[in-house]
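As they're listed, the protein sequences go chains A and B.
Sequential numbering from 1 applies to the first sequence in the working numbering.
Sequential numbering from 1 applies to the second sequence in the working numbering.
Just so you know, not all the hints are guaranteed correct.
[To be verified] Derived pair list, reagent style EDC-like, types lysine to aspartate or glutamate, alpha-carbon separation capped at 20 Å:
no.	chain 1	residue 1	chain 2	residue 2
1	A	Lys64	B	Glu27
2	A	Lys71	B	Asp12
3	B	Lys29	B	Glu71
4	A	Lys73	B	Asp33
5	B	Lys44	A	Glu28
6	B	Lys47	A	Glu31
7	A	Lys71	B	Glu41
8	A	Lys8	B	Glu67
9	A	Lys8	B	Glu62
10	B	Lys2	B	Asp12
11	A	Lys21	A	Glu90
12	A	Lys54	A	Glu12
Since the hints were made in silico from the structure, they are not lab data.
For reference, the chains in residue letters:
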Amino acid sequence: MSSSQMLKGVLEGCLLAVISKGEVYGYEMIEKLEAYGFTMISEGSIYPVLLRMKKEKLVHVDTKVSPSGPKRKYYTLTEEGHHQLKQFEERWLLLSSSVNELLKKE
Amino acid sequence: MKLSAKSQEFIDNLSLYLMTSGKKTPEIKEIVDELTDHLLEAEKDGKNISEITGDSPKSYMESLAKEMKTEYSEWLKYIPLVFLSIISYQIIGDVLLGELSYTLAVVIGQPIIIAFMLILFVITLKLFASRSAALSKRMIVVVFALNILSTASFFLLLYLGNDGVPVLVISSLGGKLGIAAVALLFLGCFAWWSKSWAPFVPLIVYVPTLAVEFLPLTNEEKAIYSSLIFLLISIVFFLIVFIKSRKEKPNTI
Chain A
1 MSSSQMLKGV LEGCLLAVIS KGEVYGYEMI EKLEAYGFTM ISEGSIYPVL
51 LRMKKEKLVH VDTKVSPSGP KRKYYTLTEE GHHQLKQFEE RWLLLSSSVN
101 ELLKKE
Chain B
1 MKLSAKSQEF IDNLSLYLMT SGKKTPEIKE IVDELTDHLL EAEKDGKNIS
51 EITGDSPKSY MESLAKEMKT EYSEWLKYIP LVFLSIISYQ IIGDVLLGEL
101 SYTLAVVIGQ PIIIAFMLIL FVITLKLFAS RSAALSKRMI VVVFALNILS
151 TASFFLLLYL GNDGVPVLVI SSLGGKLGIA AVALLFLGCF AWWSKSWAPF
201 VPLIVYVPTL AVEFLPLTNE EKAIYSSLIF LLISIVFFLI VFIKSRKEKP
251 NTI
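Chain A with its partners taken away, still in its complex shape (with noise of 0.2 Å):
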């Protein structure tokens, strides 16, 4: 199984996460996934989960005119959205420490 295939899952969780530090647009959440070292998602990627998180009302979505010229979709979570962040840290925690713990044992 490839990594990217692995984070597939849980890259909803991560976009939840990156959201929640702040107004963000599409190409900052890359960069900013990228400085954590996620750097094996095809950038791509991100666009199809942020239209059915948009869908699913778990983010806020504001166009600006960026300082660069073009109009950006800026993103923010909603109340939802920071409810399923926090669901999303407990599973994570469990599912990690559980894969962890058996990894040790073996």
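Take the given structure of chain A and dock chain B to it, following the hints.
Relative to the frame of chain A, chain B by itself:
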């Protein structure tokens, strides 16, 4: 700032793909703008388009389309309009140049063939929007064969279909003018609604024939002159398009 040719091609294909997949125009514009912005920044950082779309642009387009609402009504509303336009062109042509008399084969066959051609046209567009490696040679051949077949049957019906006994004949001047007025009114509404003159453009094909119709010439001479005029109009048209595209080229590179 401009996108590289490769990125621009991807963006163009994406809009076409989403459009033929029945997505709403404002939503398409939104995601296309967002990705264009992303690609601009990525190229500034020296990244390649494949780092953005992954290995397969086609499956990437599909993954975006899957998250967008499909509303074929958005697209389908054009089909009846184009359908009725084609019928209108024919009626106007027949009023101007020929007779309004149709056999059963034409009355039934023609609308079916036109509808089939339109649906095929949408499918063709969609196929070529997602194209690239995913599009096998066999599929291209099949689509082309179907297109040629439907076009051929259209013209075959046009020339042979009227040999039988007419079931629908309008011969009175009032009737002819009335039905032509309905057709023109429809085209007028279509032009007004789409805010362009495009719906009237196909009527140009009748101009040459009409131009020589009242000249004191034999039928053969009329046929020769009208095809010459038609050829001339086509050449002028292509020259205009050609010169225009030549002018635009230096900017896009």
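Each hint tested on the structure:
1. A:Lys64 <-> B:Glu27: 17 Å, holds
2. A:Lys71 <-> B:Asp12: It holds: about 19 Å lies between the C-alpha atoms, which stays within 20 Å.
3. B:Lys29 <-> B:Glu71: 15 Å, holds
4. A:Lys73 <-> B:Asp33: 9 Å, holds
5. B:Lys44 <-> A:Glu28: Holds: lysine 44 of chain B and glutamate 28 of chain A sit about 14 Å apart, inside 20 Å.
6. B:Lys47 <-> A:Glu31: Given pair lysine 47 of chain B, glutamate 31 of chain A holds - Cα atoms ~12 Å apart, limit 20 Å.
7. A:Lys71 <-> B:Glu41: Given that 20 Å is the threshold and the Cα spacing comes to 13 Å, the pair holds.
8. A:Lys8 <-> B:Glu67: 15 Å, holds
9. A:Lys8 <-> B:Glu62: 16 Å, holds
10. B:Lys2 <-> B:Asp12: 14 Å, holds
11. A:Lys21 <-> A:Glu90: Answer holds: lysine 21 of chain A to glutamate 90 of chain A is near 18 Å, not above 20 Å.
12. A:Lys54 <-> A:Glu12: 11 Å, holds
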